[in-house]
Every structure is written in C-alpha cells, then in structure tokens.
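Asks: So the chains spell out like this:
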Amino acid sequence: MVNKADAVVIGGGVIGNSIAYYLAKYGVDTLLIERKDLAAGTSGACDGFIFLQSKKPGFDLRLALESTRLYENLADELSYDIEYRKCGGMILIETEEQLKAIIELVDGQRKTGLDVKLMRIPQELEPILSGHIIGATHSPLDAQVNPFKVVLGFAQGAKRKGAQILTHMEVQAIRTRTVRGELKVDSVITERGEIKTNTVINAAGVHAPVIAKMVGLDLPIIPRRGQVLVTEPLPDLVTSLLVDAEYITLKLAPDHRGTDGLGLGFTLEQTASGNLLIGSTREFVGYDRRTTYHGIKAITQNVLRIAPALKEVNIIRSFAGLRPYTPDGLPILGKLRGVEGFIVAAGHEGDGIALAPITGKLIAELVVKGKPSISLDEFGLERFK
Amino acid sequence: MDDEVIICRCEEVTKGEILKAIEQGAKTITGIKIRTRAGMGLCQGRTCGRLIARLLAERTAQVLEEIPPATVRPPVRATKMENLVTSHGE
Ligand SMILES: Cc1cc2nc3c(=O)[nH]c(=O)nc-3n(C[C@H](O)[C@H](O)[C@H](O)COP(=O)(O)OP(=O)(O)OC[C@H]3O[C@@H](n4cnc5c(N)ncnc54)[C@H](O)[C@@H]3O)c2cc1C
Ligand code: FES
Chain A
8 MVNKADAVVI
18 GGGVIGNSIA
28 YYLAKYGVDT
38 LLIERKDLAA
48 GTSGACDGFI
58 FLQSKKPGFD
68 LRLALESTRL
78 YENLADELSY
88 DIEYRKCGGM
98 ILIETEEQLK
108 AIIELVDGQR
118 KTGLDVKLMR
128 IPQELEPILS
138 GHIIGATHSP
148 LDAQVNPFKV
158 VLGFAQGAKR
168 KGAQILTHME
178 VQAIRTRTVR
188 GELKVDSVIT
198 ERGEIKTNTV
208 INAAGVHAPV
218 IAKMVGLDLP
228 IIPRRGQVLV
238 TEPLPDLVTS
248 LLVDAEYITL
258 KLAPDHRGTD
268 GLGLGFTLEQ
278 TASGNLLIGS
288 TREFVGYDRR
298 TTYHGIKAIT
308 QNVLRIAPAL
318 KEVNIIRSFA
328 GLRPYTPDGL
338 PILGKLRGVE
348 GFIVAAGHEG
358 DGIALAPITG
368 KLIAELVVKG
378 KPSISLDEFG
388 LERFK
Chain B
2 MDDEVIICRC
12 EEVTKGEILK
22 AIEQGAKTIT
32 GIKIRTRAGM
42 GLCQGRTCGR
52 LIARLLAERT
62 AQVLEEIPPA
72 TVRPPVRATK
82 MENLVTSHGE
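Chains A and B are the protein sequences, given in the same order. Numbers in this note's numbering are just positions in the first sequence, counted from 1, shifted up by 7. Numbers in this note's numbering are just positions in the second sequence, counted from 1, shifted up by 1.
Do not rely on the hints blindly, as some may be mistaken.
Here are some chain B residues pointing at chain A (derived, C-beta under 7 Å) [unchecked claim]: (1) G32; (2) L52; (3) A79; (4) T87.
No farther apart than 20 Å at their CA atoms in a straight line, the calculated lysine to aspartate or glutamate pairs in the EDC-like style are these [as the list claims (entries may be wrong)]: (5) K43(A) with E24(B); (6) K318(A) with E83(B); (7) K28(B) with E177(A); (8) K81(B) with D243(A); (9) K203(A) with D193(A); (10) K81(B) with E198(A); (11) K28(B) with E198(A).
Hints were generated in silico from the structure; no laboratory data involved. Where is the CB? At the ideal position from N, CA and C, for every residue including glycine.
Use the sequences and the hints to build the structure in full.
Replies: Right, here's the structure in full:
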C-alpha cells in the first residue's frame, strides 16, 4: 500500500470524489480513502436534484449557480454519462398564503440572477398535477443527475488523472505534530497502515464529526433522515422536478420540524430509467437508515394529494439516507483553525449533489493556491461560535 | 456462461456488466447494484440476487454463504399507492 500522499481525502461520497477529481486535475498527488464502497453513504441514498429555486438568495444561490455551470460540461469533461438533464423545476403553490410568500422568494432570487417565473396554470406543463394547485414557480435552469453516476464518474476521472482510491478501508486516527508551537497534520492511520501527508480533507458526510474529533475539533453536523419511495418504471410522465411549498419552508428555515416531527416536504422526479422518486422526510433519529410505515404512508398521502392520478402506480421499494445537517443548513467548508493542514468539506444537508462540483473545485483551489476563486469565509466553522 | 447472458432480467444486466463492476471494485451486492442497476427491478433482486452473489464469491474470493443479501426496505412486494394509504400496520 502507498505510504504517503500530498493530500488525503477521507470519504468516498459525492463530495470526497469531487475534491479528489479537482485535486488530481491540478496535479496534486491525491489519495482518497473510503471505509465501505463508493456511494455507500448518503450519496447513494438520495435524489438527483440540482434545484436552484430552493437556495437562499445571496451566497447560497450564487454557489449553486456556479455549480450548475460546472455540471453543464461535466459529462463531457469526465467522459461519463451522469444522466444530466436540464429539465426545469417547479415549486407548487396550493394556497393564497403560499402564493404571497413565494412571490417574495422569487423576487430575491431574480435579484441574485436566477431565471424564474410564476406560472398560473402549471397543469399545462405537467398534466399529472391536481386541479387544486393554483400556481407554480418555474425555472428552466433546474436540472437533474443520477447521483450514483456522478460519484462513479468523478472517481473514474480522478483515477485517470492519477489519484488513488482505496475502498473498504477505514481511517482510524490522524496523527499530528507540533511545529513551532503549532499543531500540524502528520499522517493518517488506517487498518492497513500509516500514510504520511501534510493535508487531510474531511469529506466524511454525517461522520465528519468523528474524523474532526481525531484532531480534537468539534463539528456541529448531525444526521437528518430522509425517506424516499421508488415506483415501477413508467413511460415519460413528468418532465420537471417538483416540490411543494412546505418543502421550501423546511429548507429555508432549517430548524422547522413540520407537523408530527416527520418534516414532510414533497419532492418528485422521474429518473432516466423511468422510475419516479417520491420524497421525503426530514427527521432527527440518529444514524437509523431504515424506512418506517408511518413515513411511507405519509409520503404516499402527500403525492396522491398533488397527483391523484398516480394511485394505480406501484411502489417497488423505499430507501432512506442521512443528510449531513448543520444548524443553518449550509455546509462547513475550508481550513479549521487550530490544526494546520486539516480541511473540512461536509455538512451539505440536502444539497450535496447540487454543490459537489463547486465544492470540489474550490477546495482544490484552496489546497493548491491557498485561496479559492470564490471566498469561503461565509462557510467557515466560526459562524457558529 | 458467456458474458452476454442476462443475469438480472428486470433491468437487463448481463454477466459481462456485472464482472466489469467487480473489476471496478464492487465487493457486495449493493456495490453491484450501484454500478449496474442489477437488483433494482420490479422483483427487487429476488431472481438475480443469488446469481450475483455466486459471481461475487467466484471472483472476489469470498465465501458464498457469507455474502450479505442486499438491504430490503418495504414494501417487500410491489404495492399500488392507493393500497399503501389504506393499509394498516407494518
Ligand atoms: C433523501 C435524500 C434526498 C436528497 N436529495 C438531494 C438532491 O436531490 N439534491 C442534492 O443536491 N442533495 C440531495 N441530498 C443531499 C445529498 O445526498 C448529501 O448532501 C450528499 O450526498 C453528501 O455527500 P457527502 O459526500 O458529504 O457524504 P456521503 O455520501 O455520506 O460520503 C461520506 C463517506 O465517508 C465515509 N466514511 C465515514 N467515516 C469514514 C472513515 N472513518 N474512514 C473512511 N471513510 C469514512 C462513508 O462511508 C461515506 O461513504 C439528499 C439527501 C437525502 C438523504
Ligand atoms: S431480476 Fe434483477 S431485479 Fe429482478
């Protein structure tokens, strides 16, 4: 096994693989370590929305817009079909009260440069929608990918550019040494040996706090479960990504729990293989990745309210993933004070797929140039102090 | 068995594709699923699961009996949505 690398990335999800790819592209000798398999964590149990309309106007949205730009050429760049489709997306409006709140949101988003408009008869574009829906926002920029393929595509691209990826290997400890009174990263300890390095990037998703603890630091990331239903494959039925207004409320007010603690917000997409993915919940239940009868029933009721015509459609399975939640719903990105060479890129909550390319690019720039092309100051851990 | 043989009928995945996934690092049934969609079909891997386990055992030097089955989450059988809302209990 290798015993040294310029940079060690911990975690083989979408974030870790994106970082490994961009680092390798810059010529950095990179090693990625994953304790299970690629996409075995949250990145293999999620939807594939690159949804701009759910982002807070301002900084969050700006980063998402940059990421969308990178996604447009990613399949070509990686020579890998990630099932990217610029399908457009809608926020469905069911009451006058929601309409008012959404108009305000759209205003803010337009000012940040998002192309979004209000539709009065969304049924014209998506005939499966129930007649009681009084309107929807629509943005043609919202897009879709297959998250598994994004992970595997980044991994393959990273390897082609010289990165090494080791799976089924767990990071057990990180050694530091003191240089002129300052703590510095020295090596990463795995079950198969020690790897010397000056730079460690913690991309361990919901497990990022465990990795940070290895150098004595605390991260405020906790798992937030999302349950999703999968239907049988169907002929083309829906083009756009669909969410309801409650979903937006949950996203923009991260501590909002929704009714009965399920945090139910409606999402629906049709994947390239024809299955509908219908979500989802936002629950704080530790590391439990099971789906529940209660959750499945609530999601089904929700979708039949929005698209009653689906009642005859078969659900073939369900799954649940753990969103890496932070108190303000935004990721923690950048160097951590106190240990030189220790970088965090975790806590992307429900946006890790959308933000993966820009996260990888900016973290690689941080490592190579010391300063990323878009400042990460607002994503620092210090904001929680 | 040549590489063209279909192992997962629901998703039309061939033996060749499964072997390629193993080459790319898949060591579990879930690893195969992520890379090829084998096991994601209507039958939820009931038909192809054993065949995939056997290929894994053969190619990755694992003991067949020790390869864990894929995680199965409800509903265990395809269920119409209208029946999911009216059903009671687990
Ligand atoms: C139901 C649901 C729907 C979602 N829908 C969307 C969506 O539509 N669009 C979107 O943008 N985002 C979505 N998300 C969010 C997105 O899935 C996550 O933000 C993203 O996958 C996080 O990626 P990650 O790489 O940080 O974490 P992960 O994918 O969890 O990767 C971390 C990896 O680190 C590994 N690891 C942990 N500890 C160690 C160790 N000690 N040594 C080595 N490896 C270790 C783990 O095994 C894991 O593979 C959704 C999430 C859920 C749950
Ligand atoms: S044969 Fe593979 S899922 Fe049915």
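Asks: For each hint, tell me whether it holds in the structure or not.
Replies: Hint-by-hint comparison with the structure:
About 5 Å separates the beta-carbon of G32(B) from the nearest beta-carbon of chain A, less than 7 Å, and the hint is met. At about 19 Å, the closest approach between the beta carbon of L52(B) and any beta carbon in chain A exceeds 7 Å, and the interface hint on this residue is violated. Because the closest C-beta pair between A79(B) and chain A is about 4 Å apart, less than 7 Å, the hint holds. Hint on T87(B) is violated. Least Cβ distance to chain A is approximately 9 Å, over the 7 Å limit.
Straight-line distance between C-alpha atoms of K43(A) and E24(B) comes to about 16 Å, which keeps the hinted pair within the 20 Å bound. Simply put, K318(A) and E83(B) have alpha-carbon atoms about 5 Å apart, close enough for the 20 Å limit, and the pair holds. Taken as a hint, the K28(B) and E177(A) pair is honoured in the structure, with Cα atoms around 15 Å apart against an allowance of 20 Å. The hinted pair formed by K81(B) and D243(A) meets the criterion: a straight-line CA distance of about 19 Å does not exceed 20 Å.
Annotation: proposed proximity of K203(A) to D193(A) holds, straight-line Cα distance about 6 Å (limit 20 Å). The hinted pair formed by K81(B) and E198(A) fails the criterion: a straight-line CA distance of about 46 Å is larger than 20 Å. The hinted pair formed by K28(B) and E198(A) meets the criterion: a straight-line CA distance of about 18 Å does not exceed 20 Å.
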